[in-house]
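Visitor: We have chain D; now place chain X onto it with these hints.
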Amino acid sequence: MLELFKYGFMVRGFEAGLIIAIIAPLIGIFLVLRRYSLIADTLAHVSLAGVAIGLLLKINPLITAIITSVISSIGIEKLRISKKIFGESALSIFLSGSLALAIILISFAHGFGVSLFSYLFGSITTVKQVDVYIIGVLGVLVIATVIGFYKELLYVTVDEEAARVSGIPTKFINLLLIILSAFTVALAIPIVGALLIAALIVIPVVTALQLKTSFKKTILAAELISVFSVIVGIISSFYLNLPTGGTIVFISIAIFVLVMIYKR
Amino acid sequence: MQQIIHAPTIIELDKICFSYDTEEVVKDVSLKINKGDYVGIVGPNGGGKTTLLKLMLGLLQPKSGFIKLFDTELKSFKDWSRVGYISQRNYIETNFPVTVEEIVAMGRYGKLGLFHFPTKEDEEKSLQALSQVEMLGYKDRQINDLSGGQKQRVFIARALASEPEVILLDEPTVGVDIKTQKQFYLLLRKLNKELRLTLILVTHELDVVMREANKLGYINRTLEYYGDPREYCKENHHHHDHVGKRGGHHQC
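As they're listed, the protein sequences go chains D and X.
Last residue of the first sequence: 253 in our numbering, with the numbers rising by one and none dropped.
Last residue of the second sequence: 326 in our numbering, with the numbers rising by one and none dropped.
So here's chain D without its partners, still in its complex pose (with noise of 0.2 Å):
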């Protein structure tokens, strides 16, 4: 199995990866329990437009997409907060819109087919190295924002006026989880691709919220069910010659199934 890694690209792929594994249900957990799913989704697409902008003007594409979809995610946030329009309408705007934009700028250049389909759907042999120390500065630094606002981000999570009052400021929580969702996006859209990016932090999490246990061990069985589909995906996307994200989250799912099926 060691062969693996003489090839640079799956070494990139595993490390990248697993980064990714770890910050997308840290993340998730937070947006699912909100029922803020939909957010990942839309943040993916916006990140797909941020995408195809770096394409055309040569800039990493995984740069452009980080911005693209931190503006997004504040312009969201303020929207949702406004109350002028419906929370999903809100989303459903930036989504649509954003696809629409991405699909503009592909067709004033139509060079980057293929490797716009890559960033659909994912696949490890994009991830440059530069891409990875990327990933690995801004996942280190999500993962310890998480940290360091744990007890606001749970407090408002579980009950947000209660935390008010407490003196806790949710807007600022708010705002900070929806940049923080903004980040995991875009960074997973190198490995598992703009489509598929929501599973990852929807699956695991929904899979763990089923063993019924407490805040922290719930976070801790979605990033075991995560890293283990992140790894045995990547492995048997190698050996299977299958795309990355498809087999990454098609094996969540299969967790899912099971869990469901034992819980029964």
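Incorrect hints may have been included.
DEER-style ranges, computed between Cβ atoms [stated by the list, open to error]:
| hint | chain 1 | residue 1 | chain 2 | residue 2 | range |
| --- | --- | --- | --- | --- | --- |
| 1 | D | Val0 | X | Glu208 | 33 to 43 Å |
| 2 | X | Leu269 | D | Gly137 | 28 to 38 Å |
| 3 | D | Phe110 | X | Ser150 | 46 to 56 Å |
| 4 | D | Gly64 | X | Glu208 | 15 to 25 Å |
| 5 | X | Pro118 | D | Phe110 | 56 to 66 Å |
| 6 | X | Asp95 | D | Ser78 | 14 to 24 Å |
| 7 | D | Gly64 | X | Asp95 | 22 to 32 Å |
| 8 | D | Lys67 | X | Arg270 | 42 to 52 Å |
| 9 | X | Gly249 | D | Lys205 | 21 to 31 Å |
| 10 | D | Lys205 | X | Ser150 | 46 to 56 Å |
Just so you know, the hints here were simulated from the structure itself, not pulled from any lab data.
Every residue, glycine too, gets a C-beta built ideally from N, C-alpha and C.
Guide: Chain X alone, transformed into the frame defined by chain D:
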């Protein structure tokens, strides 16, 4: 129930008005709540009971008038650990992965502040709060394994964990059976008497306020009555049928 000495004021409202869009919900409400008071706020649905509570908590901003908590203007009040709150919508969604102990620990979070992690002392305070409401044995259970009444006790424990001086409760016994309700109000009575905890209870059950509270506020947009519950009863028993139906020692 005469106040022997001048008790410190916990909450003071002065000519508070509030409206949702154009509809005035609370008009010209002034009242003082002193330390050790057990205030029951009653009134018709839509009369502004919950709104009044949310105004006191700073969850809603008054259109005019001012509010003071512990002699500090609400806008500049920071010491929120002195205030406990049990909200109306106090259910946690099914499947929410959180244990009783984790819920109660949250009571300490506001006090701790950003970037401070709970210490051994915080843990002890949480456990102490749980034993005050006689729920210590349930600390490792998931919150949704508990009955409605047990959950309510856990939320009281969460409020107690921050060692507050006043607790505001919004319809805390909705959907709880009579027996559990009785135990719940016994617990509140104990907290009021033994810890001298100030309680502000919003409820639609006038008989509970008559039995438990030492002050009654009747709000129907304006504060139509504020004072001794028995006096209220004398003045109004012909307006409120259900008051007359209560038997025994609380005869109006």
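Visitor: If a hint holds in the structure, say so; if it does not, say that too.
Guide: A quick look at each hint next to the structure:
Separation of D/Val0 from X/Glu208 is about 57 Å and departs from the stated range, judged on CB atoms against 33 to 43 Å. For X/Leu269 and D/Gly137, the hinted distance range of 28 to 38 Å is satisfied, since their beta carbons lie about 34 Å from each other. The hinted window of 46 to 56 Å between D/Phe110 and X/Ser150 holds, with their beta carbons roughly 54 Å apart. In this structure the supplied range 15 to 25 Å is violated for D/Gly64 paired with X/Glu208, their Cβ-Cβ distance being about 49 Å.
For the pair X/Pro118 and D/Phe110, the beta carbons lie near 59 Å from each other, so the given range of 56 to 66 Å is met. The given range of 14 to 24 Å is respected by X/Asp95 and D/Ser78, whose C-beta atoms sit roughly 21 Å from each other. The given range of 22 to 32 Å is respected by D/Gly64 and X/Asp95, whose C-beta atoms sit roughly 26 Å from each other. Taken as a hint, the range 42 to 52 Å holds for the pair D/Lys67 and X/Arg270, whose Cβ atoms sit roughly 45 Å apart.
Against the hinted window of 21 to 31 Å, the Cβ-Cβ separation of X/Gly249 and D/Lys205 comes to about 30 Å, which satisfies the hint. Between D/Lys205 and X/Ser150 the beta carbons are some 36 Å apart, a value that contradicts the proposed interval 46 to 56 Å.
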